[in-house]
Amino acid sequence: MERIPILKMGPYLLVTIQVDMHDRIAMTLQDELTERIVSDRAKGVLLDISSVDVVDSFIGRMIGNIASMSKILDAETVVVGMRPAVAITLVELGLALPSIRTALNVDAGMTLLKSARKMMGNGRPAR
Amino acid sequence: MAVLRDEVIGLRSTDDIIKARQLVRDCAIFIGLSLVDQTKVVTAASELARNTLVHGGGGEMRLQALNDGPRRGVKVVFADGGPGIPDIELAMKDGYTTRGGLGLGLSGSKRLVNEFDIQSQVGKGTIVTIVRWK
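Protein chains in written order, with the numbering used here: chain R, 120 to 246; chain X, 20 to 153.
Among the hints, erroneous ones may be present.
If you want the footprint, here are the derived chain X segments under chain R, 3+ residues with CB under 8 Å [to be verified]: (1) 65–79; (2) 91–97; (3) 102–108.
Take a look, some chain X residues computed to stay more than 10 Å from chain R by CB distance [claimed, not checked]: (4) M20; (5) V27; (6) L42; (7) M111; (8) T117; (9) R130; (10) V150.
Derived from the structure by calculation, the hints contain no laboratory data. Quick reminder that beta carbons are idealized off the backbone N, C-alpha and C, glycines included.
Just chain X, same shape as in the assembly:
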């Protein structure tokens, strides 16, 4: 699998969420995603970037444009060194929230992408990876 683009940005303030959205949009256009798929992956990235900031206390986002044989995709990895998630199954439920939000961040973004992976260790941090293929 070839990596066509590779960028990393810090997620430290709400300004960075806007920056993250713009970078993911650029990358989605670059690999030729349809408008609807662009909107889906940008929205998922926006949710996850906010999680990194609000729950993880900040972190970084790595964005890659992938070329895997006949298909191209956008891969986004969100990593934080925050408190971690003790019960991932519970955190993935629609409507479950610890901060008074709508509880759609994780479960909703999973529905918006083709691949979704979450790794978390209590006290160490959380890494969420999403991929949207063209």
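The shape of chain R in the complex, shown without the other chains:
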């Protein structure tokens, strides 16, 4: 079965979706990613959807779920590389994903994660 690779980059995990999102692949990704956040003590997830040409409400919900699950596990999610046509379609569909952080590309997403960590006191608990 096809799987989506999860790459470790320092304290972050990079997930690049390059296959047509099948329901089972989406479910497997949720399971594996949450496991990896815990085992790698990841502080952030970069979800690269630059190769994804369709985001319907199912895939949109999966992206939202990944962000919520990561948040509970103390990792921020940034969705990067959304295509303009996908953004237009999502908003018309009624799925504006308001609670999800986005960046135009992986570099910008990484910068966003780093600055978010700095503001949180570099990952140490706030006093």
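Model the placement of chain X on the given structure of chain R, informed by the hints.
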């Protein structure tokens, strides 16, 4: 109105939703839709194919490339023999869901196309037709 292409596929598993998306994309490219319009009609088809599968218990999708005088379009018909929709007006509301989804399938896909029609009979099934013109 001339029909330039005519295809029918079964919608029985989630694999068929992916297949449906690819066929609609091909057809949208064939009639020369812009990238944004391709994405809109493919997304609408994906939502409706999932409805056919999840709510209708499976069915089929008919895809046509149309030539109507100066304009060309993609027409997609989703038909199932499922339980039908008792209250279409309610089902068309944003956020209304019977299965714990986001409730955007019908209302959202309507916004993504130029023509949208839904016929449903309780106990008999549902037919949804969409058209996106170039």
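Unmet hints by their number, sorted upward, for this structure: 2, 3, 9
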